[in-house]
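Colleague: The listed protein sequences derive, respectively, from chains Y and V. One point on numbering: in the working numbering, the residue at position 108 of the first sequence is 108, and numbering is uninterrupted. Take the position in the second sequence, starting the count at 1, then add 184; the result is the number in the working numbering.
Worth flagging that the hints you see were computed from the coordinates, not collected in a lab. It is possible that some hints are incorrect.
Some chain Y residues close to chain V (C-beta under 7 Å, calculated; not the full set) [what the hints assert, rightly or not]: (1) Phe57; (2) Glu58; (3) Gly59; (4) Val82; (5) Phe150.
In silico lysine-lysine, DSS-like type, Cα no more than 25 Å apart, as pairs [claimed, not checked]: (6) V:Lys231 - Y:Lys35; (7) Y:Lys120 - Y:Lys12; (8) V:Lys273 - V:Lys249; (9) Y:Lys128 - Y:Lys98; (10) Y:Lys10 - Y:Lys120; (11) Y:Lys107 - Y:Lys89; (12) V:Lys218 - Y:Lys142; (13) Y:Lys89 - Y:Lys116; (14) V:Lys431 - Y:Lys89; (15) Y:Lys98 - Y:Lys111; (16) V:Lys231 - V:Lys326; (17) Y:Lys89 - V:Lys218; (18) Y:Lys36 - V:Lys299; (19) Y:Lys107 - Y:Lys12; (20) V:Lys273 - V:Lys255.
Derived list of chain V stretches under chain Y, where covered just means 3 residues or more per stretch with a C-beta under 8 Å from a C-beta of chain Y [to be verified]: (21) 263-269; (22) 306-318; (23) 619-630; (24) 634-641; (25) 646-652.
A quick note: this is a predicted structure, and the numbers were derived from the prediction, not measured. Glycine is no exception: its CB is placed at the ideal position from the N, C-alpha and C atoms.
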Amino acid sequence: MALAELIEQKKKAIINKWYEHVVATYPSDTARFLKKENDQFANPVGTTTMHSLDAVFEGLLNGADIETLSSDLDPVIRIRAVQDFTPSKAVSFIFLLKNVVRECLAKEISKHKNKKEIEKELDVFYTKVDGLCLIGFDIYMKCREQLLSFQANHIKDRTYRLLKKADLLSEVPEVGAENISPNV
Amino acid sequence: MADDLPKADDLLNKIDHNNSPPTSWMDTPVNIRKGMYCYASSPKSVKYLGLPNARPWNPLDDDWKLPDNWKEIVFEGLKERLDKFRSFKVFMDICVRCGACADKCHFFIGTGDPKNMPVLRAELLRSVYRNDFTKAGNLLGKIAGARPMTLDVLKEWWYYFFQCTECRRCSVFCPYGIDTAEITIMAREILNLLGLNIDWIATPVANCYRTGNHLGIQPHAFKDMLDFFVEDIEEITGVNCEPQYNKKGADILFITPSGDVFADPGTYTAMGYLLLFQYLKEKYGFDVTWSTYGSEGGNFGFFTSHETMKRLNSKMYAEAKRLGVKWILGGECGHMWRVINQYMDTMNGPADFLEEPVSPITGTRFENAKSTKMVHIAEFTADLIKHNKLELDPVRNDNVIATFHDSCNPARGMGMLDEPRFVLQNVCNNFHEMPPGTIREQTFCCGSGSGLNAGENMELRMAGGLPRANAVKYVHEKYGVNMLTCVCAIDRAVFPPLMEYWVPEVDVSGLHELVGNALIMQGEKKRTTDLRFEPLPGMEDEIDE
Ligand code: SF4
Ligand code: SF4
């Protein structure tokens, strides 16, 4: 795994660069804050994002399974799903990992004795990133569905007891209950 | 055909990765985004309250159906408030834009929108103030940070002053003590002059003004609900509570936010109150009454205007007067206490017809409530525990690993920090604080206060609540915390979805729910479940039988 070796050497730089790209999706004043503040409680967006990217990248390199990748990716997507991003913008940062890896390793690859082999491995890596993006979309959709269900249940949650008390709820009886009248 | 398809990279490049507005904040137009704002107020509610410009309108429409002279109304409204409230004028003048407050607002931290930095939020209004009320601003315009009032500016005000929960966290960090919450309050008042309110505030206020509580629950239904809890309590404990209603000449009037009576999990807290009062009645002859007319401790008028807040607040005192009680005991509420502590006295006070509150059980004089005559139940219960007046079995809460959320208003607004913790630690064996910087005076807001706890602005609520949830997540992962306890009805309503989104393993409870679980009632049967009908530790098998 020639590529793995190259990446290992540049791992920190790659993750930092990737983080920079994600941070650049925010307005410049916000980006400055996200980069500067290291306290995880004062800056949950920045630190969670960094943490997520770190774990996901590590997972990609170590052949983590879908569940692991998904749970590592969840925190950053979960945040972006409630911020001012279109769906594509919320997850597209994942694709950028390809550019980042290529940029960071450009010199090493061009000098490498086994360039062909590296390119092949890169292709495989890119495919994984594509897969990761699909996982990202799934997480994003789940988050959005959750928000919709919160919205839909909002009034009901607030007044459920009252409605029930006033006998205003006609809930579906348990399956098999006798009081369901047969179709006539 | 394949040649016609764009390359993947081309497509990707179409996505604009850099979000930076190309212009300064002043030139960045407001983009009213769904999920971030609450629906416009219904004309019916606005009319009922006698507030101006009642009409249907939609924030997404270009035309907000404003009166023709709306600019004049804004100017006059601003002028009047600058004259009337000295602090407001000072806040307009003294900000040095040092930025100390900039990253302290949960809405900025969570949304990443620079206009949610407190300093910028205030600048939205201050820029117009400079233009209209200062020489420099008038002469130099933009260079002096001034801009004229326009429809876009007005829309920006509406959008961002309803993205501030008036929590005051920013003011803790400002070297000049500038309180952006006060600026938001003024801005909302001015917006109200044009009929620009949100329905989640206007309708509860109208209901409260008429029926006495936010949901418009009528007196008999209010009593029915409490009776319903009495039945549940009897099933769980074998004890029959006998709450008193509208009792003339009772010693004490109890008023709690109606959320405790109608919405889970606040209802379990209401059951805790009932148990506590029954215990005290049997043991010490405690004489407390509920009122089905003064049935709302919350005061959404506070989020509308000083005048509306005053009207709603006066209802509680009118009821206390009518019943002839000595003083008022208040339930677990947030903003009700800010209203009481900060405004009540000048608005409707002093409540001379009431007595200075003294606990009839311990003899403790609540000096802090000398003038308002209203005591927070957390203080009251803490005092009882301190004097050994309650028999408690905290083991019954052993399934709970609690942390405590300081609600902005009791914590920052009235300095009530230790009493609830004292109670919590006496009724629950497992308690872990969230990290400093996220609790006590620096507590992070729930993200849905000041009337923003609607259903349609979920994105705003989830983003604004992120800093709070993030600290909860930390103690959940570190100590296994599974319960977020608080003394505020809005918190109890808004935390369940917030937790479900960010830390689904953590549930939400009020303080007196846990008190109710631990309190050993006279003549109670062996308890096998808590107030939620969930098995007590070690009782799982008995339930099944
Ligand atoms: S901390 Fe105070 S003085 Fe500094 S920018 Fe904020 S409001 Fe202005
Ligand atoms: S009062 Fe609270 S919500 Fe409003 S600007 Fe300050 S920190 Fe933000």
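Colleague: May I ask which of the numbered hints given earlier this structure violates, with the numbers listed in increasing order?
Modeller: Numbers 1, 2, 3, 6, 8, 11, 13, 14, 16, 21, 22 - these are the hints that the structure violates, sorted from lowest upward.
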